[in-house]
Amino acid sequence: MDKNKYKELVAKYTPKENRLYNAIIAFLVGGLVGVFGQILIDLYSYFLNIPTKEASVFMIITLVFLGCFLTCLGFFDKFVSFAKCGLIIPITGFAHSMMSATLEYKKEGIVTGMGANMFKLAGTVIMCGVVSAYFFGLLRIIIMG
Amino acid sequence: MTFKYENVYLNEVSTIAGPYENNGPLGRYYDKVYNDFYCGTKTWEQAECRMLIDSVDMVLYKANKLKNDIDLHISGDLLNQIVSTNYASASIGIPLIGIYSACSTSVLGLIIGSNMVDKEQIRNCLISTSSHNNGAEKQFRQPVEYGGPKKKTTTFTTTGAASFLLSSKKSKIKVESATIGIVTDLGVTDSFNMGAVMAPSAAVTIHNHLKNLKREASYYDLILTGDLGVYGKKILVDYMKTEYNIKLKNYNDTACMIYDLEKQPVYAGGSGPACLPLVFNSYIYEKMLKGELGRVLLVATGALLSPSMVNQKLSIPSISHAISLEVTDDIL
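Those sequence lines, one after another, are chains A and B. Numbered as in the numbering used here, the first sequence ends at 145 without a single skipped number. Numbered as in the numbering used here, the second sequence ends at 1332 without a single skipped number.
Treat the hints as calculated values from the structure; they're not laboratory data. What you are looking at is a predicted structure, and each value in this text was computed from that prediction instead of being measured. Incorrect hints may appear among the rest.
Unchecked claim - Short, incomplete list of chain A residues facing chain B, as computed with Cβ under 8 Å: (1) 6; (2) 17; (3) 20; (4) 84; (5) 132.
What the hints assert, rightly or not - Cut-off 30 Å, straight-line C-alpha distance, at most; resulting in silico cross-link-like pairs (DSS-like, lysine-lysine): (6) 12/A - 1032/B; (7) 1032/B - 106/A; (8) 1119/B - 1172/B.
The C-beta atom is built at its ideal place from N, Cα and C for all residues, glycine as well.
Just need the whole structure built from these sequences, with the hints factored in.
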């Protein structure tokens, strides 16, 4: 059997992922995370009496902490596999990917294990993030002056 | 390449299983079960070693033999540099042949062992394999605690170890013949669809085995493939029919037997070098001893996956080996 014919055979028996359902769940959960973040910003700026810009930094720190903490407790992966991009796209996903990789290599030492492997998944995000931020920054200067 | 054996028997088997396997439908058949992934050690890799050592101890205990009585140990696993085997063997202390053939390691070991026993180079030998879910995930996929979505076709590496004792001493189960597989590659690049990767190699091996021995598929009471999973199983049945016009009737796949696919979060079923031996050594072996199954063909399927080759956009090759076991009547 040639490769193309086999590809068709495989496609025949490969189950379809339920994309619409996944998208709706991700939309709802992602939205809720956004609402939660906004509530945090409002609370921080109200109670700590700080400008919104600083309060949003506090909000990010809180979400990152929660992502890491729940990963360490061992049940954030279940949330993520349920909500998928609803929890991966927000900053919680970034925290989760770093913390899970760190936990994995905990036993292999601080330098050779945790340090070397912490960015196994998140490294790509940082690299792409920095590069695209640079180009979008350039675009902004060129267009908006 | 097909061999026929005259004087090789399967004397004893053992199984050591992990938590998910214990909760599966075959839970009560295993010799020893660990309910945590660390098995009393500090890391998953060491846990795998522990299980491998336990499986060797268990098979020796069940066969009432000492380590000194065993001529050779053939063993393999999934981790880089087959570390579980090597480290376990350091404390087992039987002359070792370490082999790697991904998930088809168990049957490859049986074939090597049978050849040597049949030629009377050795009196007896132990064959072991092990795999550990978290150890394999760490090496081949993503961190265990990372919850990124997985495809439905993903298989779940079994946690466990199993050993076989082969010798020329007569027992109820005879090793009858074996076929060594050919590496096949039909261009599947998806490392989360191992069933599709391995199905063609299983088909080639089954076809060659039947052709070389001039047999029909119905000769066997059971043809048991290693770890194709729910979807790979369907692909194999279809492939055999369209390519070779062979209808697989008495056929099952251990990936679909070892777990409760409805209740356990295992996607398309089990995988790993320990999957086939865990099912065979427990449930099927017992059925053969009772006489419910006479002739069984084990086809261990192995996807020769390397993450760096997949990243280089190459497709994944696979290999399958087959061994035929028969219940003998001329036993005392």
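Quick rundown of the hints versus the structure:
1. 6: The hint holds - residue 6/A has a Cβ within 8 Å of chain B, the shortest such distance being about 4 Å.
2. 17: holds (7 Å)
3. 20: violated (15 Å)
4. 84: holds (5 Å)
5. 132: violated (21 Å)
6. 12/A - 1032/B: The given pair, whose Cα atoms are some 40 Å apart, is violated under the 30 Å limit.
7. 1032/B - 106/A: holds (29 Å)
8. 1119/B - 1172/B: holds (20 Å)
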